[in-house]
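Number of protein chains: 2
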Amino acid sequence: MSDVKALSHPVPPGGTIGIIGGGQLGRMLALAAARLGLKAAIYNDEDHAPAFQVTPLQVAAAYDDQGALARFAEICDVITFEFENLPADAIALLESLKPVRPGHRALETTQDRFSEKNFIQSLGLKTAPFEAVSSAGDVVKAFAVIKGPAILKTRRLGYDGKGQTQVGSAEDCAAAFARFKQAPSILEGFVDFAFEASVVAARAADGSFAAYDPPENIHENHILRRSIVPGRLSRAQGDEAKAIAKAIAEALDYVGVLAVELFVGHDGALIVNEIAPRVHNSGHWTIEACACSQFEQHIRAVAGWPLGDPTRHADAVMENIIGAEAHAWESLARSGALHLYGKREARLGRKMGHLTRLKPKSSR
Amino acid sequence: MSDVKALSHPVPPGGTIGIIGGGQLGRMLALAAARLGLKAAIYNDEDHAPAFQVTPLQVAAAYDDQGALARFAEICDVITFEFENLPADAIALLESLKPVRPGHRALETTQDRFSEKNFIQSLGLKTAPFEAVSSAGDVVKAFAVIKGPAILKTRRLGYDGKGQTQVGSAEDCAAAFARFKQAPSILEGFVDFAFEASVVAARAADGSFAAYDPPENIHENHILRRSIVPGRLSRAQGDEAKAIAKAIAEALDYVGVLAVELFVGHDGALIVNEIAPRVHNSGHWTIEACACSQFEQHIRAVAGWPLGDPTRHADAVMENIIGAEAHAWESLARSGALHLYGKREARLGRKMGHLTRLKPKSSR
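Protein chains in written order, with this note's numbering: chain A, 10 to 373; chain B, 10 to 373.
Dumping the calculated DSS-like pairs for lysine-lysine here, alpha-carbon to alpha-carbon at most 27 Å:
#1 B:K368 with A:K370
#2 B:K171 with B:K360
#3 A:K368 with B:K370
#4 B:K370 with A:K370
Here are the in silico distance ranges between beta carbons for each label pair:
#5 B:H228 with A:G76: 50 to 56 Å
#6 B:T320 with A:A252: 33 to 39 Å
#7 B:D248 with A:G274: 50 to 56 Å
#8 B:K14 with A:I84: 37 to 43 Å
Derived coverage of chain B by chain A (criterion: at least 3 residues anywhere in the stretch with Cβ under 8 Å from a Cβ of chain A; other residues may be distant):
#9 12-26
#10 57-63
#11 337-346
Hint data in this document are derived by calculation from the structure and do not stem from the laboratory.
Beta carbons: idealized from backbone N, C-alpha and C, even for Gly.
Let's have the full structure, built from the sequences with the hints guiding it.
Laid out in structure tokens, this is it:
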């Protein structure tokens, strides 16, 4: 990867930010780019991407289509991602053609749960206990270390609870591993946490750093239901969460917005669950509650602009609108700041939009 | 106009809002539509419209191209405008094909300064003194009534000080009228005002009404320089301004956002300067300072959705970025919420973007 392109100067207004992935995150990134006078180009593997509705610059092709990726790179000044699972070959190709932010190092580290957790521990940060499961022979050994109940997770390509399953015994675990077609996995011990939280932060190429106040997150069926800021995190825990994000961003020489998902232990300890090298669902409330949203912040960072002000001017509750809940759009439109993503079918478990309600800022 | 199409039900998410005019107002309307899961289609008479950068649905054709207008109407569920000067024939054609909001009545009334001022006075509201100047013979008569100094304005197609000139004598006025090629005009007396203000408000098809807090406006070279909220308007004057907007919206059976520009007299009287039947530059601060911006509010109204909450949660100063000022985008990006419009050339007097700074809400 010697011929990785660097961005020598900021992308000026009128320049084009390439975004790999055309879901709601790509859509909201494109809308944020437009505020700043930047164009957004979207690359997506399906024709009907939400983000295709908000820019004329679009390529629909497979994520491993090297020709299409090269044509896409041609119209972009810098390239970024709405998701972390692009094949390594595609990342290498893009990086040889145009500046890519965040780069392959951040993506490779976070694409694989095993390397991600090792990386986190190498920084002196806490994770759930975990063991690699690479072969049927590893199952019994791993289960003996972690003990049950535990969660078997594929090392790659998991999100919203996909590619993971709870196991109560070594036999369960062996069966799950077989169902995963023996894909390299990890066995992760349960963390008996008090609640979940996350921190969304940005690092610019010059090393400057800006973190949003960390929300408390409530999940249902492995999908984020609600983010609440301020949640149950104390001020000291909030500061610690921001410091964790900063340590991770610096160690990865990261450029852009990242999110760190956290478990908050009954003893108050912060345990890192996972790193998302991108804007994150638990940061959507920043659109209304901060002068510079996580989406604008990411665009600023990848375009080489100065970071914006992450100060929160209101308390906020962000609620996801999932599946058929979107049918109630008319009443939702009466009850807060409504965002809908332009998805055609309200499938079960699909994130269709979100609703943010603001309240005057409390003292925390 | 018997076959004007009405909107029988709200445009659902996934529907398309047609916007005539692809400047910054069309662009920000399109971005607001996207938040709500609505598509935006843009019609503009030049190829390189700012709003063309934020949607794949676009038609570039003359505003009197009936074939292109008809093709445009076909892809829209409802049609609206970023400017009020569409030819009457074009409006009539669009109204025969699809619901148009606001409709021809509001556009016709406000396209012509003479009919606009008569309409305002018919509601018992104050305007500057004015006289029609339709022929050379009218000049002396009009000047004798208004007395100098005064302003000669063409009845149609004026904005940002275009189509108007200050005159100190009947001879001046005759010369100006000749320069206007005897276009139907009005001679308007000066109002000795303390300051300028405006009120931006919305009316829905069901008659519900929502007004934003009225800003004080500062103009330079006939172009809005700055809007300040709260400005020097008292609370009572703010309420009166909102009542004026409501009276105008109801009398026009208006659907959408409108702005009313006001002079505030030294005696505290509110004098209506003009009505803009559209979103307005003096309402840009609502993007950051209100839960529902003027752009989203307009989209909601024209799509038949419930109006959003116009409550202001912060004090705000909005400053236009004009011409070469946009070259300082990097330092502007450090100093507030920056919006750039994607215009290619920073021409003299051209609105290139705006910057909004928020402060905690004061008691007013």
